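From just these sequences and the hints, can you work out the full model?
From first to last, the protein sequence lines are chains Z and B. Under the working numbering, think of the first position of the first sequence as 6, with each following residue one higher. Under the working numbering, think of the first position of the second sequence as 6, with each following residue one higher.
Everything labelled a hint here was simulated from the structure, so no lab data went into it. Just so it is clear, the structure is predicted and the values come from calculations on it, not from any experiment. Some hints here could point you the wrong way.
Partner residues aside, some chain Z positions facing chain B, computed with beta carbon under 8 angstroms [what the hints assert, rightly or not]:
no.	residue
1	Ile53
2	Leu55
3	Thr79
4	Glu80
5	Arg82
6	Lys91
7	Phe95
8	Glu110
9	Arg113
10	Ile115
11	Gly117
12	Ala206
13	Phe209
We treat Cβ as the ideally placed atom computed from N, Cα and C, and that holds for glycine.
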Amino acid sequence: MIRVVDLHKAFGANQVLRGIDLEVEKGTTCVILGGSGSGKTVLMKHVIGLLKPDRGTVFVNDVEMPKLEGLALTEARRMFGMVFQKSALFDSMTVLENVAFPLHEKDRSISGKELRRRVVEKLEVVDLAESILPRYPSELSGGMQKRVALARALIHDPPVVLYDEPTTGLDPITTEYVDDMIVGAKQRLGVTSMVISHDIASSFKVADKLAVLYDGQIAAQGTPEEVRRSQHPHVKKFLSLWFEKQ
Amino acid sequence: MTPGGFPATFRRVRRIRDAIEDFGEMLFFALDTLRWAVRPPFRPELILVQMAAIGVGSVFIVTTTSFFTGVVLALQANYAMRQLGAEGYVGGSVAISLARELAPVLTALFVIGRSGSAISTEIGTMRVTEQIDAMETMAVNPVQYLVVPRLLASLAMFPLLTMVFDALGYAGAYLMGIYVARIPEGPFLEHTRTLVDPKDIFHGIFKSLIFGAVVAVITCWRGYSASGGSKGVGESTTRAVVASSIAILLVDVGFVLVTVGSGK
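The structure is reproduced here in C-alpha cells:
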C-alpha cells in the first residue's frame with residue numbers, strides 16, 4: 006500500500022533523511038516513532054507529495070508520488086485524508102462546512118442535503134452528534150476538534166489516513182479518546198493509517214507496525230513487541246525512559 | 006574598517022539579498038495567481054464574499070474621508086484662488102485633483118488600512134495554524150481558493166470605491182464652495198465642466214485598477230509567507246501595510262511620470 010524506498014532528503018547542509026526503507030500493508034496502522042528533529046514530518050510530507058526526495062522514492066497504491074506534478078499530484082492527494090497536530094480546522098467555517106469541504110471541492114454538483122447526510126454519517130463514525138454541525142471550531146473542546154478533523158479526513162473515503170502527532174499536547178483522557186478514534190477508524194472503515202508520534206504509550210496502543218526513526222534512519226521496525234526487544238542503543242534508551250515509568 | 010565591520014557589511018548584504026529574493030518570490034506568486042485565475046473550478050461565491058469584505062466593508066471609511074477631503078480641498082483652494090480673484094475655478098481644480106490623483110491614491114491607502122491588513126492577517130493565521138497545508142492535502146490549491154477571489158474582488162472594488170470617492174469628494178467641495186465660501190454656483194460648475202475631461206476620470210479609475218492588483222498581491226503574499234506563530238502574523242501584517250502603501254505611492258509616481266510627464 007505504502008512503500009518507501011531508499012529515501013534521502015537534505016535541506017542545505019542538513020541531511021534529514023538518510024535512506025529510509027519502509028512498507029505499510031493495506032488496512033494496517035504504522036506508527037513512525039521518534040524524537041524532535043528526527044525527520045518524521047519530512048517523511049510524511051514525502052508520502053503525501055508535499056516534498057520531493059533527493060534520492061529514492063515513495064509508492065502509494067503503486068503510484069510513484071515524487072514523479073507527479075500539477076493536476077496529477079492534486080488528484081493523487083485524494084487518496085489521502087490527513088489529521089494535523091492542531092487539527093487545522095478552518096476557523097471561519099462551521100463543523101458542517103469543515104467536514105463537507107473536501108467532498109464539496111471534489112464534486113461541486115453534490116446537493117446540500119446529500120452533503121449533510123454524508124457529514125452526519127462520518128460524524129457518527131467518530132462518535133459525534135449531529136447537533137454540533139452549526140458550531141465553529143472555537144466552540145469545541147480539543148478532543149472534539151480532533152474528532153471533527155478525523156471526520157473531515159474520512160469524508161471522501163480515502164484509502165490512506167495520515168496522522169501528524171495526533172496526541173501532542175492533549176490531556177490523558179483526550180489522548181485515550183484520540184487513540185480509540187484511530188483504532189476505530191481502522192476497524193470500522195479498513196483504512197491504512199500512518200501515524201507520526203513521539204508519544205510512546207499511544208504508539209504501542211494503536212500500532213500494528215512500529216518504526217523508530219533516529220538521525221534520519223530507521224533504527225528499528227516491526228511489530229510493537231519486536232521493536233520493544235530491539236538492541237539498537239538509541240531505541241533501548243528511547244523506550245526505556247517510558248517503560249521504566251510503568 | 007572598524008572591528009566587526011565585515012560582519013555588519015555581510016549582514017547588510019544578506020538583508021538586501023533576502024529582500025530581492027522575497028520580491029522575486031512575490032512576482033512568481035503573482036504569476037501563479039494569474040495562472041490559477043483562469044483555471045476551473047471557478048468560485049463566484051468566494052469572489053462575492055470578498056467583494057463584500059473589501060468593497061462594502063470599506064464604504065463607510067471611504068465615504069467619510071472622501072467627503073471631508075472635498076470639504077478641506079475646497080476651502081484651501083478657495084483661500085489660494087481668492088487671492089487671484091479666481092474663486093470660480095475652485096470646483097474644477099478640486100474635481101481634477103480628486104479624479105486624477107487623490108481619489109485613487111487615498112482610496113487605496115484607506116482600503117489597505119482596513120481590508121489589506123485583514124487579508125494579510127487572515128491568510129497569515131491560516132498559514133501558521135496549518136489550515137493552508139490542510140487545504141493542499143485536500144487537493145485544493147490554496148492560491149486558487151484564497152488568493153484569486155481576493156485579487157478579482159480588489160480589481161472590481163477599487164475602481165468602484167474610487168468613483169464613490171470622486172462623487173462624494175466633489176459633493177463636499179460643492180457644499181463648502183457654494184454655501185460656506187459663497188462662490189457663485191454658475192462659475193463653480195461651469196469651470197468644472199471645462200477643466201475636467203472624462204479622460205481625467207478614466208485616468209484615476211485605471212490607476213485604481215492597478216492599485217487593486219498591487220494591494221491584493223502584496224497583502225496576500227505577506228500572509229501566505231507568514232511564519233512563526235502569532236508574532237509572525239503580526240509582523241507580516243505590518244509589513245503588508247507598509248509595503249503596499251509604499252508600493253502604491255511608487256506606482257503612482259511612475260504612472261504620473263509616464264502619463265503627465267510625457268504630456269499624455
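Evaluation of the provided hints:
For the restraint placing isoleucine 53 of chain Z at the interface with chain B, the shortest Cβ-Cβ distance is roughly 6 angstroms, inside the 8 angstroms limit, so the hint holds. The beta carbon of leucine 55 of chain Z is positioned within 8 angstroms of a beta carbon in chain B (closest approach about 7 angstroms), and the interface hint is therefore held. Taken as an interface hint, threonine 79 of chain Z checks out: its beta carbon lies about 5 angstroms from the nearest beta carbon of chain B, inside 8 angstroms. Contact between glutamate 80 of chain Z and chain B, as hinted, is supported at the beta carbon level, the nearest pair being about 7 angstroms apart and thus within 8 angstroms.
At its closest, the beta carbon of arginine 82 of chain Z sits 4 angstroms from a beta carbon of chain B; the interface hint therefore holds under the 8 angstroms criterion. Hint status for lysine 91 of chain Z: holds, given a least beta-carbon distance of 6 angstroms to chain B, under 8 angstroms. Evaluation of the phenylalanine 95 of chain Z hint against chain B yields a held restraint, the C-beta minimum of about 6 angstroms falling below 8 angstroms. Hint status for glutamate 110 of chain Z relative to chain B: holds, with the closest Cβ pair at about 5 angstroms, below 8 angstroms.
Given the 8 angstroms rule on beta carbons, the hint for arginine 113 of chain Z holds: about 6 angstroms separates it from the nearest Cβ of chain B. Interface hint status for isoleucine 115 of chain Z: violated, as the beta-carbon distance to the closest one in chain B is roughly 13 angstroms, over 8 angstroms. This hint is violated: glycine 117 of chain Z has a C-beta 13 angstroms from the nearest C-beta of chain B, more than the 8 angstroms allowed. Because the smallest distance between the Cβ of alanine 206 of chain Z and any Cβ of chain B comes to about 24 angstroms, over 8 angstroms, the interface hint for this residue is violated.
At about 26 angstroms, the closest approach between the beta carbon of phenylalanine 209 of chain Z and any beta carbon in chain B exceeds 8 angstroms, and the interface hint on this residue is violated.
The structure fails hints 10, 11, 12, 13 (numbered hints given earlier, in ascending order).
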